[in-house]
Amino acid sequence: MLHAWKPRGVLPGFGITFGYTVMYLSLIVLIPLAALFTKSAAIGWAGFWETVTAPRVIASYKLTFGAALAAALINSFFGFLTAWALVRYRFPGKRVVDAMVDLPFALPTAVSGIALTTIYAQNGWIGKHLAALGIKAAYSPLGVCIALTFIGLPFVVRTLQPALADIDKELEEASASLGASRWKTIRRVILPPLVPPLLTGFALAFARAIGEYGSVVFISGNMPMRTEITSLLIIAKLEQYDVAGATAIAAVMLVISFFLLLVINLLQWWSVRQYQGGHA
Amino acid sequence: MMAAANSTPSQSITGRLGGAAAEPRWVQVLIVMTALLFLASFLFIPLAAVFAEAFRKGMEAYLASFQDGAAVSAIRLTLIVAGIAVPLNLVFGVVASWCLAKFQFPGRSVLITLIDLPFAVSPVISGLVYVLLFGLQGWLGPWLAAHDIEVIFAVPGIVLATLFVTFPFVARELIPLMQEQGTEDEQAAITLGATGLQAFLRVTLPNVKWALLYGVILCNARAMGEFGAVSVVSGHIRGQTNTLPLHVEILYNEYNFVAAFAVASLLTLLAMVTLVLKTIVERRAGLERAATAETTPRGKTRN
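Each protein sequence line maps, in turn, to chains U and G. With the first letter of the first sequence counted as 1, position 32 gets the number 32 in my numbering; the numbers rise by one all the way through. With the first letter of the second sequence counted as 1, position 224 gets the number 1224 in my numbering; the numbers rise by one all the way through.
Hint data in this document are derived by calculation from the structure and do not stem from the laboratory. There may be inaccurate statements among the hints.
As the list claims (entries may be wrong) - Label pairs and their computed distance ranges (CB to CB):
id, chain 1, residue 1, chain 2, residue 2, range
1, G, Gly1083, U, Lys184, 14 to 20 angstroms
2, G, Asn1256, U, Ala132, 26 to 32 angstroms
3, U, Phe65, G, Ala1052, 46 to 52 angstroms
4, G, Pro1024, U, Val263, 33 to 39 angstroms
5, U, Lys169, G, Glu1180, 23 to 29 angstroms
6, U, Ala165, G, Glu1184, 26 to 32 angstroms
7, G, Asn1256, U, Phe37, 52 to 58 angstroms
8, G, Val1091, U, Arg56, 40 to 46 angstroms
9, U, Ile31, G, Phe1044, 38 to 44 angstroms
10, G, Asn1256, U, Arg188, 56 to 62 angstroms
The C-beta atom is built at its ideal place from N, Cα and C for all residues, glycine as well.
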């Protein structure tokens, strides 16, 4: 790949495009993010710690991370089945279904929030059947999990699809002709290369879910200590003019998000390396 | 290895081994049905619910939802915000991808990671950072107040928050593609006497037009639909700082469900149009890619 790069200077425009990129990036992204860390540093360690470990805040972490984890697991399982069906089988309406998988990316979160609330409420299309079974979906932690499942749905499907399509049919056929059962072929030949993309999709869905706000606020009911997610708590603090409190909690969430970003980058690097290794 | 795999029609082998390389029929049906049931309860039914609720009281009630002054001004503000944010991020995406895809320099991969950063930040925090900069207790707040400039709880704040959340869309579509295409074509154009701008417009741009369009479509959808970040900086002043998603929230919280879902149906249509355009663009890009892969030997190593 590297030999394609001629020494810098043959193409014009490096200086000006580099300057503009760095300037615009700093103005829109870096300086505002720096403001968050500077402001939270100004709170002082004792006050910061007290704010971010208050019982109501801890309850919101538990709900946010618990529901995000559950949603990412649900998405890993059903996302795998969906990707498998879309790549390997033919069924009517497949192209429409494939395009629709991206709906959670395209639909504004407020719209998904009110739509999910309506159908999962006690008198809603799905909610009433759940209510008959004694399950309260909307306005409960389960509701939060439903919204986060919706929001993370495309990630696992979209990271698995290319990896599944890439699996060499010949390897499967070789495995089958050597006498392996279908299940053994799936377990020993097909699944191993899908582990890195599956983990990447899981991590992407999880990372997206912990910061989500719009789709959750309608369905959760927002009861402090019970169904209040961390994003909502930040807004609640802001509305009470507790900017320092909001900033402290936001700083914690931002550090966690950056850590997840690092994990995701490592996972993607692992996926790519494994892919290239398999073809070398 | 790759070329051999591409040229062998694998169907014939599948045919020979029959069921050995595929799941039994009932397993296939079971997997498809499970996937569809999952997608129905999380995608299709919510989507249908938006329109069912919007038309619950008939066409007239539906249309009346848009005749309200607050709805009209929300539509106008949403168009204004997207009209500012999308072009700015488009220019940035093009400039950044030229710099990052056509040149090698130290710190390049760090810069690419930083451009993707807004995707990792929660929407609420994306709004909060601007409150910390421009709000009354923020760095520039006192100075802005002294000069009577409103940023937070006003349109500039909404534009800034939207710029932040839609920041990476165009750049992240262009960078990998432009990098893959290398610099040889542009170098040839410049050797033949083209200026840098001409080389970009005549050589680079036609090669990346679908990816560019795709990035703009996604950027626009997010700009018009952003809720969390805008919610923090808007102040929810009816008729002034309410975008369409915020208007949906207000109507819903007032139990005005028909109007809330009517406005939501507008945003849903936008999402559907986005998905259709995305599908078309992906197909065109795929066809062109396949065409170049057949004509140029270089295409074979792509994948």
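The hints, checked one at a time:
1. Between G:Gly1083 and U:Lys184 the beta carbon distance is about 57 angstroms. The supplied range of 14 to 20 angstroms is therefore violated.
2. Between G:Asn1256 and U:Ala132 the Cβ separation comes to about 29 angstroms, which falls inside the hinted range of 26 to 32 angstroms.
3. With their beta carbons about 34 angstroms apart, U:Phe65 and G:Ala1052 fall outside the hinted range of 46 to 52 angstroms.
4. For G:Pro1024 paired with U:Val263, a C-beta distance near 38 angstroms keeps the hint of 33 to 39 angstroms intact.
5. Between U:Lys169 and G:Glu1180 the beta carbons are some 26 angstroms apart, a value that agrees with the proposed interval 23 to 29 angstroms.
6. The beta-carbon spacing between U:Ala165 and G:Glu1184, approximately 29 angstroms, falls within the hinted interval of 26 to 32 angstroms.
7. In this structure the hint that G:Asn1256 and U:Phe37 lie 52 to 58 angstroms apart at CB is violated, the actual value being about 41 angstroms.
8. For the pair G:Val1091 and U:Arg56, the beta carbons lie near 44 angstroms from each other, so the given range of 40 to 46 angstroms is met.
9. Between U:Ile31 and G:Phe1044, the C-beta spacing of about 43 angstroms keeps the proposed range 38 to 44 angstroms intact.
10. For the hinted restraint 56 to 62 angstroms between G:Asn1256 and U:Arg188, the CB-CB distance of approximately 58 angstroms keeps it satisfied.
This entry does not satisfy hints 1, 3 and 7, going by the numbered hints stated previously.
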